[in-house]
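So the sequences go chain by chain: A and B. Adding 104 to a residue's 1-based position in the first sequence gives its number in the working numbering. Position 114 (the second sequence) corresponds to 95 in the working numbering; numbering is contiguous.
Note that these hints are calculated values from the structure, not bench results. The beta-carbon is built from N, C-alpha and C at its ideal position, and this holds for glycine as well. Accuracy of the hints is not assured; some may be wrong.
[To be verified] Only some residues are given here: those of chain A computed to face chain B with a beta carbon under 10 Å: (1) Met179; (2) Asn357; (3) Pro358; (4) Ala400.
[As the list claims (entries may be wrong)] Derived coverage of chain A by chain B (criterion: at least 3 residues anywhere in the stretch with Cβ under 8 Å from a Cβ of chain B; other residues may be distant): (5) 237 to 247; (6) 252 to 260.
[Stated by the list, open to error] Distance windows between CB atoms, simulated: (7) A/Arg364 <-> B/Ser151: 43 to 53 Å; (8) B/Gly162 <-> A/Asp256: 43 to 53 Å; (9) B/Val(-5) <-> A/Gly314: 56 to 66 Å.
This is what each chain is made of:
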Amino acid sequence: MAAASVCALSLGTPYVPLYRLPGALLDADSTLAGVVVTELRVPRLVLALVAGLCLGAAGLVLQEALRNALAVPEMLGVSSGAALGVAAPLVLAASIPTAVQPLLAIGGAVLGGGLTLLAAGLGRSPSAVLLTGAAVAAALQAALLVLMVMADQFDLQLIYRYLLGSLSARTWDDVTGLWPWLLVASPALVLCAPVLSVLRLGDEDAEALGVRAQRARFAALAIAIVLIAPVTAVCGPVAWVGFLAPHLARWLNPAADAVRWLPWSAAWGAVVVAVADVPARLALAPVETPVGAWTALLGVPVGVALLRSGPRKPAARRGAARSDAVRSEPRGTGAEAVPTAGKETG
Amino acid sequence: MKRRFAVFTALAVVCACGELLAGRGMSPAVVWDVLGGAGDATERHILLQLRLPRMLVALAAGACLGVAGLVLQSALRNPLAGPEVTGVTPGAVLGAVTATALGLAGWESPLAVVVAACVGGCSGAALLWLLAGRGRGDPAQIALHGVLVSAVLGGLTAMVLLVAPGELGSVVQWLVGTTEGRVWQHWHLLWPWALAWSAVAWLLAGPLTLLRCGDDIAGAAGLSAARARTLALLCAVALTAGAVAAVGALGFVGLLVPHLALAVFGADLRMTLPGAALVGAAVVCGSDAAAQLLSRLLAVALDSGRLTLPVGALTTCVGAALLLVVVRRWPSRTF
């Protein structure tokens, strides 16, 4: 993470070498490098780290709560909802005061996620929630595409860039807007972590242990939405971080449980976004590529590789136990993709 | 069974008529006149050069998608394996977009786009095939990898669009799926392709019915499951690529039509494959008619001619709603 941070701070135009970095950070206003570093690169880096943290943690919460290795924010309607919230006023040329604009995206995200929860009947079964989420996401996406068909070229570029998830031109204001949400989400996250490790035993076992599976799942989904919505509002849906980070966390310490995976997953999310942001800024300079495209391109193959290679050794017993728990669940074929994935990740 | 076929053929015909009538600016009486050989030049042009090919393309594309979805779902034994989640549709989109961005094809010459989309669809499916263990992987694995392959291809498409942002406007229409501006050239390219591969699918109906029962039973009946599956997948890819090249990525058609067809025509694929083609044609054509009607109404209501509803948006929304209903009603079945 440190290496990625240093790269993020020093590379680019103007290039600030490592030894001058402290100086640039200390007297921000006097030199060009100082201004660039403190006003542009540091907030961007902080934003990338925070976004990664949120997405990684949310991804783990979703995957554990739904017992599904593919439960990612993109598939639950949250990202699409936020994008719709941003795109609609742009295209329809509605005049919205600037103060309200971030709220629109958050509202859209909450709407998308809420719609999923509502349609899924408060989390009836893991695969049903996932399917419902996919349906809601697709419908919102279609609405968005209709808007894009109507939009003119300039708006189109803006919306498109946002849709891919971009960190460009984000300042301290955007970062400070995130804090209140994080303050709400982090205690809830800490509270729900132990429940997650119970949930992954399967609904019946969880009920036997005194956890109300449906309510717990609902709560977990709500927390995930609170984590994802503000991030999506600020930088767009940075794709597949919520997929990759939990898998990395699981792969590196397979013997742990959800409580210990949670911080790891968050950390990995932060690293992934920070690392991906470097090529996003530099690969096609001076044109900036959206970071979301990179996370999708890099994240998915790595995630697949992790899924396929399976857990490292100590998890063999655990993996077997888990696959039993999954198999005992009398679900239909829609869940078929799910248990195998679970077995693989173990 | 015959009655069901008759009913659905009638439905497809009704949808086709609806499609002819639903566009802007012509009353049903005028349409009737033109079909009878009368009418002035403009009306004849609109009907014969614009609406008729559009209707035919919609019918053929719907049939292709329905058959492709059914073949995929049977071969992979996965009720959720639509073309969208097996890398075929995203691959086809990527192929077409890349070809245009590189200047190899223009949107005004459908042939090059069709070829590019077919190549792209096949490479998407090949990528999936390689990833999922060269055809011997189990169905769940294939489905899982399909989602991921689709994601990668989507990311690549996004990158290409960023490099060539000028294409964005025309590509968006494609990403959602539309039948607007389809002419006879599209139809001439589509129908031989659709017919040939539908025939292959029909020949595969027997093996596919066995595959639905599981590899063990298919093996016991003397069928080489892996070979049959590979052939079936190839057929499904070809059908999807053709449809996507013609109308773009129509959402949920390939996923939901097979379920409808199975519910109506039963599990014998020799009956259900033509049934799926009929249902798909009726669904896409009907949605297109409804989309045109809706955008006409919306244009009147909002007083802006800019608004047109692409058919893909409608199929996606209706499909999503249907999926929700199904998931809610049979949560334990989840399809």
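Hint check results:
| no. | hint | verdict |
| --- | --- | --- |
| 1 | Met179 | 8 Å, holds |
| 2 | Asn357 | 23 Å, violated |
| 3 | Pro358 | 19 Å, violated |
| 4 | Ala400 | 3 Å, holds |
| 5 | 237 to 247 | holds (count 8) |
| 6 | 252 to 260 | holds (count 5) |
| 7 | A/Arg364 <-> B/Ser151: 43 to 53 Å | 50 Å, holds |
| 8 | B/Gly162 <-> A/Asp256: 43 to 53 Å | 19 Å, violated |
| 9 | B/Val(-5) <-> A/Gly314: 56 to 66 Å | 57 Å, holds |
Against the hints set out earlier in the document, violations occur for numbers 2, 3 and 8.
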